[in-house]
Amino acid sequence: MFHVLRRSALPAARRLAPRCGVWVESVRGRKSRSDPPAKSKEGRVKVPPPVDPVEMVVLKERFSEYDLIMRALRLEFKEEVLRKKYEEQTGSLAKERARLEAEEHQILMAWNQEENLRILELRKLRVQTEAAEAEHRKQEVILQREQDMQTMIQEKEREILQLQEEAKNFITLENLDQRIEAALDNPRNYNYAIDREARVVKRTVLN
Numbered sequence: 001m002f003h004v005l006r007r008s009a010l011p012a013a014r015r016l017a018p019r020c021g022v023w024v025e026s027v028r029g030r031k032s033r034s035d036p037p038a039k040s041k042e043g044r045v046k047v048p049p050p051v052d053p054v055e056m057v058v059l060k061e062r063f064s065e066y067d068l069i070m071r072a073l074r075l076e077f078k079e080e081v082l083r084k085k086y087e088e089q090t091g092s093l094a095k096e097r098a099r100l101e102a103e104e105h106q107i108l109m110a111w112n113q114e115e116n117l118r119i120l121e122l123r124k125l126r127v128q129t130e131a132a133e134a135e136h137r138k139q140e141v142i143l144q145r146e147q148d149m150q151t152m153i154q155e156k157e158r159e160i161l162q163l164q165e166e167a168k169n170f171i172t173l174e175n176l177d178q179r180i181e182a183a184l185d186n187p188r189n190y191n192y193a194i195d196r197e198a199r200v201v202k203r204t205v206l207n
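If you use UniProt numbering, the sequence shown closes out at 207, no skipped numbers anywhere.
Calculated from the structure, these hints are not laboratory results.
Treat the hints with care, since some could be wrong.
Here are the simulated DSS-like cross-link-like pairs (lysine-lysine), alpha carbons at most 25 Å apart as the crow flies [said to hold, decoys possible]: (1) K60 / K41; (2) K95 / K85; (3) K95 / K84; (4) K78 / K95; (5) K39 / K60; (6) K138 / K124.
Given these sequences and hints, build the entire structure.
Given below as structure tokens:
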């Protein structure tokens, strides 16, 4: 009547996968450390494979010979490396290397001196060019200022001449009576109307 529910060992993704698909596990399942041994291996006793005594003696001799040969080669290589290092530090190779380095240093110092002289000449030429350009700009600024000053003086002179011309028509105490008589003899009517073309369209009559 009641079905026994047991925990399935299959993962949830496999249980939920469709029936038509083929599920392939990526990793083969392993037993846990607490699982008992299989029934087919309960009484099994691990016995090491048999060893041939003659073969063991031969292998030991060959391994010993191989170990001696490799140790001798390592010592030979190490001695050669140390000899080369000693020769480079204190021997004839060190002297030759020091001589070559001194010659290279002298060549580089001479090249550096020549390069410094070349750069110095270029710098002097650049400074002279910049100084000449600055002097030229300065002269241009001075000439421009002089021209502006001359233009301003001429403009002021024209204004003064214009004021002098206009001053001839000014009303003074000397010509006050004369200007009053002239105004009375020539009356002007400024009470008029103009249209959009600035034409007088209506003027009042003076009494």
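Next item on the list: Measure nothing beyond the straight line between the CA atoms of K39 and K60; if it is 25 Å or shorter, mark the hint as holding.
Entry: violated (40 Å)
Next item on the list: Verify the proposed pairing of K138 with K124, using a straight-line Cα cut of 25 Å.
Entry: Holds, at roughly 21 Å.
Check: If you draw a straight line from the CA of K95 to the CA of K85, is it 25 Å or shorter?
Finding: holds (13 Å)
Check: Given the proposed pairing of K78 with K95, does the C-alpha separation stay at or below 25 Å?
Finding: Measuring from Cα to Cα gives roughly 23 Å; hence the hint holds.
Notebook entry, point to check: Going straight from one Cα to the other, do K95 and K84 come out at no more than 25 Å?
Noted result: This hinted pair holds, its Cα atoms lying about 14 Å apart.
Check: Does the structure keep K60 and K41 at a Cα separation of 25 Å or less?
Finding: The hint is violated at about 35 Å.
Against the hints set out earlier in the document, violations occur for numbers 1 and 5.
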